[in-house]
Amino acid sequence: MAGNSVLVSRRALIGGLASTGGLMLAGCSGEQPTYGSLLRMGDNFTYGAQRLLLPAKALAREYDRSAISSMPAIGTVDPSRADSEFYSPEGGAAYAALKHGGFADWRLRVDGSVARPAAFALADLQRMASRTQITKHMCEEGWSSIAEWTGVPLRTVLEAAGIRPSARYVQFHTFDGIIDSIDMVDALHPQTLLAYGMNGRALPISHGAPVRLRVERQLGYKSMKFLHRIEVTDDFVDPGRAGPIAGGWAWYVGV
Amino acid sequence: MEAVSGQYQDSGSKGHRLWVRLTHWWIAVAVLVLMFSGFTILMAHPRLYWGDTGNDLTRPFVELPIGPNYKHGGWQQVTPFFASPGSAVTAERHFYIFNQNGWARSLHFLAAWAFIVGLGAYLAFGIVSGHIGRALWPRRAERRPAALWRDVKAHLRFPIPAAEPGGPYNVLQKLAYCLIALVALPLMFLTGVTMSPAIAASYPILLDIFGGTQSARTIHFLTFAFVALFLLVHLAMIALTGPLRQLRGMILGR
Numbered sequence: 000m001a002g003n004s005v006l007v008s009r010r011a012l013i014g015g016l017a018s019t020g021g022l023m024l025a026g027c028s029g030e031q032p033t034y035g036s037l038l039r040m041g042d043n044f045t046y047g048a049q050r051l052l053l054p055a056k057a058l059a060r061e062y063d064r065s066a067i068s069s070m071p072a073i074g075t076v077d078p079s080r081a082d083s084e085f086y087s088p089e090g091g092a093a094y095a096a097l098k099h100g101g102f103a104d105w106r107l108r109v110d111g112s113v114a115r116p117a118a119f120a121l122a123d124l125q126r127m128a129s130r131t132q133i134t135k136h137m138c139e140e141g142w143s144s145i146a147e148w149t150g151v152p153l154r155t156v157l158e159a160a161g162i163r164p165s166a167r168y169v170q171f172h173t174f175d176g177i178i179d180s181i182d183m184v185d186a187l188h189p190q191t192l193l194a195y196g197m198n199g200r201a202l203p204i205s206h207g208a209p210v211r212l213r214v215e216r217q218l219g220y221k222s223m224k225f226l227h228r229i230e231v232t233d234d235f236v237d238p239g240r241a242g243p244i245a246g247g248w249a250w251y252v253g254v
Numbered sequence: 000m001e002a003v004s005g006q007y008q009d010s011g012s013k014g015h016r017l018w019v020r021l022t023h024w025w026i027a028v029a030v031l032v033l034m035f036s037g038f039t040i041l042m043a044h045p046r047l048y049w050g051d052t053g054n055d056l057t058r059p060f061v062e063l064p065i066g067p068n069y070k071h072g073g074w075q076q077v078t079p080f081f082a083s084p085g086s087a088v089t090a091e092r093h094f095y096i097f098n099q100n101g102w103a104r105s106l107h108f109l110a111a112w113a114f115i116v117g118l119g120a121y122l123a124f125g126i127v128s129g130h131i132g133r134a135l136w137p138r139r140a141e142r143r144p145a146a147l148w149r150d151v152k153a154h155l156r157f158p159i160p161a162a163e164p165g166g167p168y169n170v171l172q173k174l175a176y177c178l179i180a181l182v183a184l185p186l187m188f189l190t191g192v193t194m195s196p197a198i199a200a201s202y203p204i205l206l207d208i209f210g211g212t213q214s215a216r217t218i219h220f221l222t223f224a225f226v227a228l229f230l231l232v233h234l235a236m237i238a239l240t241g242p243l244r245q246l247r248g249m250i251l252g253r
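Top line first, the protein sequences correspond to chains A and E.
Residues 0 to 254 (numbering that gives the first Met the number 0) make up the first sequence, in order.
Residues 0 to 253 (numbering that gives the first Met the number 0) make up the second sequence, in order.
So that you can see chain A by itself, here it is in the shape it has in the complex (with noise of 0.2 Å):
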């Protein structure tokens, strides 16, 4: 029995070994790319060591209505102005069309490894259980603010469209070009929203409308504005200079 529990406690020891090798490995070789940068590793250990030691489900710290503040809106503020920070010509002519009829004929798409994919209206998104919160936006500049965001759990939008098991990221496609994704650990939290409501009132352009993204236990910019297709993967899509690694940013920012 002695000799089975030091085999036992060697056998957790090794496997707790090779876990942390494991985190080291991730850290290096991880699915995100690294584009041969030690700092893009460094980041993939960051994102393996924050899945690894906090709990998956633990909820951000939700507000009062008097805490809610002042928010800037930087960025791009109207994806149909060429002057942006990001500008697709494609895009921005499609929003300025769509901004015209007042986001009537504006369309999520939802594919990839989805059983049924669709394409859903504002209304349709606004006819599913909302959820309202009031929660701090951290922007990597290093300000933040507080406001309460209406919208429709990205969970419930994903099994409308029926989701497959084998699903592992959740790629967003926005009106300005950007393309970028997110875990399932926070798509299937329950503060992960598709917002098209802020602070009592309909979404504002300048914040994203008709729908943004809100995760709440990462960095404002992963919290995308002007959304148009929602895409569901198996693997890792690096979206290139669309998405943040290409470009010299961590694509998960949970610090």
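Derived from the structure by calculation, the hints contain no laboratory data.
In this text, a Cβ means the ideal position worked out from N, Cα and C, and glycines have one as well.
What follows is a list of derived Cβ distance ranges for each label pair:
hint	chain 1	residue 1	chain 2	residue 2	range
1	E	HIS93	A	HIS99	19 to 25 Å
2	A	ALA245	E	PRO160	57 to 63 Å
3	A	VAL236	E	ILE96	26 to 32 Å
Here are some chain E residues the structure puts well away from chain A; computed CB gaps all over 12 Å:
hint	residue
4	ARG16
5	LYS70
6	GLU141
7	LEU178
8	ALA238
9	MET249
Chain A is fixed; fit chain E onto it per the hints.
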């Protein structure tokens, strides 16, 4: 006179132990990288606030005149969110700001991992071996105001006698080392992780301890300023007390 200068004389110093030397240089390199990358991050938004929120549309606790983003202004389309007077507002930014956070943030967190490993090893060795209690913690007699004052006067007298690397340390030295190793550096770690949205979601008590994300950021900066001041005084004291001997002591032991 004799007693005071006696504090600086060799009285049984064994030099710096290997683990002290290793963790000293490991932490020193990590801290220098953290200071450089952290300052670059601060330049993107050189405004400090108190509480949980703070941005260009709210009033700062202080705005630091560092870099091109100092008081850049220029916000357009200021729109209130609510009808009530004094309502929170939004506004648009249509211009580029200085922002090197792509590499600066990732470098900061890479160095932070090294820092955590180094500081953790130092504190573990230091506490278990009794080194911190023996060599750094001021003794009861040293904590008396008269003893402190005597040491202040001794420091103001030039030339400062050449100190033996590895102590024993005088009381001001002990206080400085205790403040940096037991207070400032652990505080840098705690205020740093408080700013992480994922860590704060898991441990919201951090937000309560420091009074919010922006308070933690402000304390992080003030502690950085203390670490920078410590570094300047530390280098000055080494320069004044036989720099080559001190440097050799921290590399080779003695």
